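Use the sequences and the hints to build the structure in full.
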Amino acid sequence: SCPAACSCSNQASRVICTRRELLEVPASISVNTRYLNLQENHIQVIRTDTFKHLRHLEILQLSRNLVRKVEVGAFNGLPNLNTLELFDNRLTTVPTQAFEYLSKLRELWLRNNPIESIPSYAFNRVPSLRRLDLGELKRLEYISEAAFEGLVNLRYLNLGMCNLKEIPNLTALVRLEELELSGNRLGRVRPGSFQGLGSLRKLWLMHARVAAVERNAFDDLKALEELNLAHNELASLPHDLFAPLHRLERVHLHHNPWRCDCDVLWLSWWLRETVPSNTSCCARCHAPPALRGRYLGELEPGHFTCYAPVIVEPPADLNVTEGMAAELKCRTGTAMTSVNWLTPNGTLMTHGSYRVRISVLHDGTLNFTNVTVQDTGQYTCMVTNAAGNTTASA
Numbered sequence: 001s002c003p004a005a006c007s008c009s010n011q012a013s014r015v016i017c018t019r020r021e022l023l024e025v026p027a028s029i030s031v032n033t034r035y036l037n038l039q040e041n042h043i044q045v046i047r048t049d050t051f052k053h054l055r056h057l058e059i060l061q062l063s064r065n066l067v068r069k070v071e072v073g074a075f076n077g078l079p080n081l082n083t084l085e086l087f088d089n090r091l092t093t094v095p096t097q098a099f100e101y102l103s104k105l106r107e108l109w110l111r112n113n114p115i116e117s118i119p120s121y122a123f124n125r126v127p128s129l130r131r132l133d134l135g136e137l138k139r140l141e142y143i144s145e146a147a148f149e150g151l152v153n154l155r156y157l158n159l160g161m162c163n164l165k166e167i168p169n170l171t172a173l174v175r176l177e178e179l180e181l182s183g184n185r186l187g188r189v190r191p192g193s194f195q196g197l198g199s200l201r202k203l204w205l206m207h208a209r210v211a212a213v214e215r216n217a218f219d220d221l222k223a224l225e226e227l228n229l230a231h232n233e234l235a236s237l238p239h240d241l242f243a244p245l246h247r248l249e250r251v252h253l254h255h256n257p258w259r260c261d262c263d264v265l266w267l268s269w270w271l272r273e274t275v276p277s278n279t280s281c282c283a284r285c286h287a288p289p290a291l292r293g294r295y296l297g298e299l300e301p302g303h304f305t306c307y308a309p310v311i312v313e314p315p316a317d318l319n320v321t322e323g324m325a326a327e328l329k330c331r332t333g334t335a336m337t338s339v340n341w342l343t344p345n346g347t348l349m350t351h352g353s354y355r356v357r358i359s360v361l362h363d364g365t366l367n368f369t370n371v372t373v374q375d376t377g378q379y380t381c382m383v384t385n386a387a388g389n390t391t392a393s394a
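Under this note's numbering, the first residue of the sequence shown carries the number 1, and numbering increases by one thereafter.
Calculated from the structure, these hints are not laboratory results.
A few of these clues could be false.
Taking CB as the label site, the calculated pair distances span [stated by the list, open to error]:
1. 119 x 32: 35 to 45 angstroms
2. 19 x 233: 35 to 45 angstroms
3. 55 x 367: 52 to 62 angstroms
4. 127 x 373: 40 to 50 angstroms
5. 394 x 259: 30 to 40 angstroms
6. 363 x 23: 53 to 63 angstroms
7. 141 x 55: 31 to 41 angstroms
Cross-link-like lysine-lysine pairs, in silico, DSBU-like; alpha carbons within 30 angstroms at most [stated by the list, open to error]:
8. 69 x 52
9. 69 x 138
10. 104 x 165
11. 222 x 165
12. 69 x 165
13. 138 x 165
14. 104 x 202
15. 222 x 329
16. 222 x 202
17. 202 x 165
18. 104 x 69
Small disclaimer: the values here were computed from a predicted structure and weren't measured.
Cβ coordinates follow ideal geometry from the N, Cα and C atoms, glycine included.
Here is the structure:
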């Protein structure tokens, strides 16, 4: 049978009930239904057991309604549901408990709802999810540190246009491949923001008001292939920011106010080497006036005078009791440089490399968690920019 307000095809396996001013989900939907489209109606509440007889249902579209409440058990009896669309509704909370028993759910669309917060374990009942669309949550004020726990199979996450001022904790998303963060108000991208995202291939940060990307911010993204930083407020990037990104093939840097001086010379070289024939996707100088409009990949050292970096706080000799923690500082005059350390036994340490008890922090500090006698000796800090390097030892 086919409900009077709907049209059915393929022996009632496809049921379409769009734009019928429905206030409730119609009764007598065929048990054979695999695709059910209820978009653009006036449904406000999805009640418990509404779909319990639709065991074969694979795609359920409830978008562009007036849904403000999804009762616990609303999706009972849907063991084969693959896609659930609830975008463009009036939900103020994530209906976490309603997702129980959706063991085959792969796609969940919640974009453009007035959701104000995403609590801990909001999606842990659907670990099968591959795609999660949370874009345009314009009233979003809070995302719990554990919001995405349990989503071990997620491949795509959209958090674009969500009023975010910082990147939330995403460490649980170990299989994430695509991340959309465009249209937010991030300001800065800090080291550790992408911790755990070793599988990420595509990262979109367009129109995100990014004015600074800090040193080592992308070090965790070893699999990254595409990075979009277009339409932001970037004037420069830290020296060799992309060095750990061995798979990076496509970058989008256009529509930023690039200041073409020594701090971007490394980027000019990198662009020539990586995308020599593609000038359309990439950056053009905004300043100084003499270089305005020039493609960054065309810049040569002769366009400006560059100087090797200055170490403003060199490492100092330390007398430390065995077993205590210690730090050797090496602060430069600009965050656009890279900082490496040479240990007494000749080992070169960079941010991201780790020896037992010893690591290089985001700001270039050499950190010892538990000093031993074997750590005694001279340590050399090496600071590098496009013009050369400077060293200091202690």
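Taking each numbered hint in turn, which are not upheld by the structure, reported in ascending numerical order? The structure conflicts with hint 10 only, although it agrees with all the remaining ones.
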